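J.: Each chain is listed here by its residues.
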Amino acid sequence: MIVQSEQVSLKHLLTVEALSDQEVMGLIHRGNAFKKGAIWLPRKKQYFAANLFFENSTRTHKSFEIAEKKLGIDVIDFAAAASSVQKGESLYDTVLTMSAIGVDCVVVRHEDENYYDQLIQSPSIQCSVINGGDGSGQHPTQCLLDLMTVYEEFGTFEGLNVAIIGDITHSRVAKSNMQMLKRLGANVYFSGPRQWYDPTFEVYGTYYPIDELISQMDVLMMLRVQHERHDPDESFSKQEYHNKFGLTIERAKKMKQNAIIMHPAPVNRDVEIADSLVEGIQSRIVSQMSNGVYVRMAILEAILQGKS
Amino acid sequence: MIVQSEQVSLKHLLTVEALSDQEVMGLIHRGNAFKKGAIWLPRKKQYFAANLFFENSTRTHKSFEIAEKKLGIDVIDFAAAASSVQKGESLYDTVLTMSAIGVDCVVVRHEDENYYDQLIQSPSIQCSVINGGDGSGQHPTQCLLDLMTVYEEFGTFEGLNVAIIGDITHSRVAKSNMQMLKRLGANVYFSGPRQWYDPTFEVYGTYYPIDELISQMDVLMMLRVQHERHDPDESFSKQEYHNKFGLTIERAKKMKQNAIIMHPAPVNRDVEIADSLVEGIQSRIVSQMSNGVYVRMAILEAILQGKS
Amino acid sequence: MIVQSEQVSLKHLLTVEALSDQEVMGLIHRGNAFKKGAIWLPRKKQYFAANLFFENSTRTHKSFEIAEKKLGIDVIDFAAAASSVQKGESLYDTVLTMSAIGVDCVVVRHEDENYYDQLIQSPSIQCSVINGGDGSGQHPTQCLLDLMTVYEEFGTFEGLNVAIIGDITHSRVAKSNMQMLKRLGANVYFSGPRQWYDPTFEVYGTYYPIDELISQMDVLMMLRVQHERHDPDESFSKQEYHNKFGLTIERAKKMKQNAIIMHPAPVNRDVEIADSLVEGIQSRIVSQMSNGVYVRMAILEAILQGKS
Numbered sequence: 000m001i002v003q004s005e006q007v008s009l010k011h012l013l014t015v016e017a018l019s020d021q022e023v024m025g026l027i028h029r030g031n032a033f034k035k036g037a038i039w040l041p042r043k044k045q046y047f048a049a050n051l052f053f054e055n056s057t058r059t060h061k062s063f064e065i066a067e068k069k070l071g072i073d074v075i076d077f078a079a080a081a082s083s084v085q086k087g088e089s090l091y092d093t094v095l096t097m098s099a100i101g102v103d104c105v106v107v108r109h110e111d112e113n114y115y116d117q118l119i120q121s122p123s124i125q126c127s128v129i130n131g132g133d134g135s136g137q138h139p140t141q142c143l144l145d146l147m148t149v150y151e152e153f154g155t156f157e158g159l160n161v162a163i164i165g166d167i168t169h170s171r172v173a174k175s176n177m178q179m180l181k182r183l184g185a186n187v188y189f190s191g192p193r194q195w196y197d198p199t200f201e202v203y204g205t206y207y208p209i210d211e212l213i214s215q216m217d218v219l220m221m222l223r224v225q226h227e228r229h230d231p232d233e234s235f236s237k238q239e240y241h242n243k244f245g246l247t248i249e250r251a252k253k254m255k256q257n258a259i260i261m262h263p264a265p266v267n268r269d270v271e272i273a274d275s276l277v278e279g280i281q282s283r284i285v286s287q288m289s290n291g292v293y294v295r296m297a298i299l300e301a302i303l304q305g306k307s
Numbered sequence: 000m001i002v003q004s005e006q007v008s009l010k011h012l013l014t015v016e017a018l019s020d021q022e023v024m025g026l027i028h029r030g031n032a033f034k035k036g037a038i039w040l041p042r043k044k045q046y047f048a049a050n051l052f053f054e055n056s057t058r059t060h061k062s063f064e065i066a067e068k069k070l071g072i073d074v075i076d077f078a079a080a081a082s083s084v085q086k087g088e089s090l091y092d093t094v095l096t097m098s099a100i101g102v103d104c105v106v107v108r109h110e111d112e113n114y115y116d117q118l119i120q121s122p123s124i125q126c127s128v129i130n131g132g133d134g135s136g137q138h139p140t141q142c143l144l145d146l147m148t149v150y151e152e153f154g155t156f157e158g159l160n161v162a163i164i165g166d167i168t169h170s171r172v173a174k175s176n177m178q179m180l181k182r183l184g185a186n187v188y189f190s191g192p193r194q195w196y197d198p199t200f201e202v203y204g205t206y207y208p209i210d211e212l213i214s215q216m217d218v219l220m221m222l223r224v225q226h227e228r229h230d231p232d233e234s235f236s237k238q239e240y241h242n243k244f245g246l247t248i249e250r251a252k253k254m255k256q257n258a259i260i261m262h263p264a265p266v267n268r269d270v271e272i273a274d275s276l277v278e279g280i281q282s283r284i285v286s287q288m289s290n291g292v293y294v295r296m297a298i299l300e301a302i303l304q305g306k307s
Numbered sequence: 000m001i002v003q004s005e006q007v008s009l010k011h012l013l014t015v016e017a018l019s020d021q022e023v024m025g026l027i028h029r030g031n032a033f034k035k036g037a038i039w040l041p042r043k044k045q046y047f048a049a050n051l052f053f054e055n056s057t058r059t060h061k062s063f064e065i066a067e068k069k070l071g072i073d074v075i076d077f078a079a080a081a082s083s084v085q086k087g088e089s090l091y092d093t094v095l096t097m098s099a100i101g102v103d104c105v106v107v108r109h110e111d112e113n114y115y116d117q118l119i120q121s122p123s124i125q126c127s128v129i130n131g132g133d134g135s136g137q138h139p140t141q142c143l144l145d146l147m148t149v150y151e152e153f154g155t156f157e158g159l160n161v162a163i164i165g166d167i168t169h170s171r172v173a174k175s176n177m178q179m180l181k182r183l184g185a186n187v188y189f190s191g192p193r194q195w196y197d198p199t200f201e202v203y204g205t206y207y208p209i210d211e212l213i214s215q216m217d218v219l220m221m222l223r224v225q226h227e228r229h230d231p232d233e234s235f236s237k238q239e240y241h242n243k244f245g246l247t248i249e250r251a252k253k254m255k256q257n258a259i260i261m262h263p264a265p266v267n268r269d270v271e272i273a274d275s276l277v278e279g280i281q282s283r284i285v286s287q288m289s290n291g292v293y294v295r296m297a298i299l300e301a302i303l304q305g306k307s
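Chains as they are written, first to last, in numbering that gives the first Met the number 0: chain P, 0 to 307; chain W, 0 to 307; chain A, 0 to 307.
By construction, these hints were calculated from the structure, which means they are not laboratory data. Keep in mind that a hint or two might mislead.
One copy or any two copies: either way a pair holds, since identical chains are not told apart in the list.
Here are the simulated PhoX-like cross-link-like pairs (lysine-lysine), alpha carbons at most 20 Å apart as the crow flies [as the list claims (entries may be wrong)]:
no., residue 1, residue 2
1, K43, K181
2, K43, K306
3, K86, K237
4, K43, K253
5, K44, K34
6, K306, K69
7, K306, K34
8, K35, K69
Please read all numbers here as calculations on a predicted model, not as lab measurements.
Here chain P stands alone, though its shape is the one from the complex (with noise of 0.2 Å):
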């Protein structure tokens, strides 16, 4: 499958499966273009946008805000505890707000699942949304810089082997991931305990123990456990975690020599991933990060096309 990129532009972006395979190539185009030092061409306004993430976050607040600024948009701080939140406003009324004192952009990262609905069916609402996470549901730009981390690597999708390994039920991304890999033409794979799969996701792919996949795959996808949404009774201790389903460095041995290793961090080191390989030769984790500046530059700059 050969797809041609496109000018990309965007009123908001709230889930990725929502795109073209167009779509997807031409922002993961425009994300090596910049990385590569393209800049955006002279605007003719003043640009404004917002973070607003009522979770935690350091790498994707982050990475929106350092490509807010590469790309010379001013950026309106927001601190959720700081905020009229605190009096009982909505997430509506604080969006409501940032629309009407003139923010063109928001990045929105909440707990509640489709948050943004409501959003973008408001009349008086202006401002676009970029999804930044929401509850259990998607995490685009997450999907997103992983392909462009995938793309840069292999230069194709095509026949590409990729195992998604962890605690898929819980992964934002993860189920992303598995529907847009699968419509590029990569081969999916799953591994993990049992109890975070599902087998609804075997329309994309097929479950196997990680010691028969370690040495067919060309990309690993390890998952975050993410302890802060596990009830503690479904829980494994770590040591256990690591030697049933983690990246051990014995297992780290039989991988295909130019396969590579993701993972959407914050890492759990030495549960996910053996703390010697996420800084090692076959490690894409620090890539990851940076790839996801370019692409996220690459969508704000779809999105604001539309309004210069």
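Given the structure of chain P, go ahead and fit chains W and A onto it with the hints provided.
T.: Just chains W and A, lined up with the frame of chain P:
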């Protein structure tokens, strides 16, 4: 009364009552000019503003931040919870620090009434102070954006009937609004719970039950029920408040056709105002928020004028 | 001792003791030049700095932010309380993230002494580290601004009598100041509570009761009583401390006419220093804060120099 506007220059903005009518009109006209695209003439130096909000705020805080960034002022962020205030540093010493490190203007919201007296009397503090709200005292920029919104709608204050309805005694802006509206020629009326009305207000207007006022008013200024400032025993159920004192859908039908609804926000929907009216055709609540940015640009300009 | 200044280039700034005398004087002279209006030559690229303060701070944090913005560096804000640190992410992984997303320089204040060792040894971390305070360890930029303030006043360190008075053992800056002042030719004296004095300090100077020192000193460096770092049983009443060890109005009368009073601030007024002296004619406490911005500009310039 015809008031000439003038180029306004201010050292501080602490209360709106201290402004002359000419200064008020000058700020309103300049706010309007900014709304229509006026730009601030090239500045001779780099300016710094710091927004010191010791009480939660979204709208006032963020609209100052946008106003500052639209004027090209560099904004120093301040989070009281992560500052030396936690080590017991006083407001005075915090502002002294801001002045010493080169901040030209501080916007302060603080729970102490008249907190600013000590700041403006200090020979060591060089920076200008804009009052973003002092306890139950003043909120001059909210008053100015309200005046700008009324003037934008009607082109005059002379002879307008304006009702201020609700939690008047706890409102920082109601007391300024009643004085300034009367000074500028409007007729002021009051309504809402009797226990939140004070006989001293009679200098500025007369109290009536809302149903006697509704069909005569040009402007309905609904005030927020400030749950956070009330004793539990003086509070109403939401439904009870709405039925007795709020702008219900039935009452709104009796409004003059060109009358407008205002509210400082955040609105308690279905308490002060029926949900569907908040963003309805007669509401100017979204305009108030937009105008807040422009009138604050006018204020900041008037303050930095003297420093260039 | 005549020390030539030079154009300084630094990879990191972790301790002031690691700087040569030439580097110290170079930074002081460059700080002075910035104070007089020098500008940084046009930069070849966009720089990003992130201020990672894990302990409360107003002065150091905000003066770095102003210094960065004066140099045209884009500042990435960081609030530990809203970051992935809350999910257990380590300082190392937080800085690795900052490096990966393109931050050129991090300023870190952290409660762990020598937190920076692990950061500067990592081959994955590209960004420079400026130490904004490590536990009870070092606070090199405070030392440099103190040195700049002394030098600005007297034009030399040679033969100056400098007393360091108060909570010496808990002070991050006192230990650096005693070493650097001696290295640069000053005579160092100590005073304050005996239990906050350590015999190892005798390499640098001698302990005397404050009343024996007061009339001989050119510089009185009063230290903050760090209530937050003390056991309750070793604390004094404020009045008791002030009378025994503080700079009272009576003691100040015995000072040499051109002697100056310094303090890293925040000052506990009427404890270390009588309230009316804090902003008095012999105080350089406000100057110290101003100089903090300029010497930090010199430091940031020295660090980014090598990156352009």
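J.: Confirm or reject each hint.
T.: Here's how the hints hold up against the structure:
no.: 1; hint: K43 / K181; result: neither (39 Å within a copy, 43 Å between copies)
no.: 2; hint: K43 / K306; result: within (10 Å within a copy, 30 Å between copies)
no.: 3; hint: K86 / K237; result: between (40 Å within a copy, 15 Å between copies)
no.: 4; hint: K43 / K253; result: neither (54 Å within a copy, 45 Å between copies)
no.: 5; hint: K44 / K34; result: between (24 Å within a copy, 14 Å between copies)
no.: 6; hint: K306 / K69; result: both (18 Å within a copy, 17 Å between copies)
no.: 7; hint: K306 / K34; result: between (24 Å within a copy, 18 Å between copies)
no.: 8; hint: K35 / K69; result: within (13 Å within a copy, 28 Å between copies)
Hint compliance for this structure: hints 1 and 4 are broken, all remaining hints hold.
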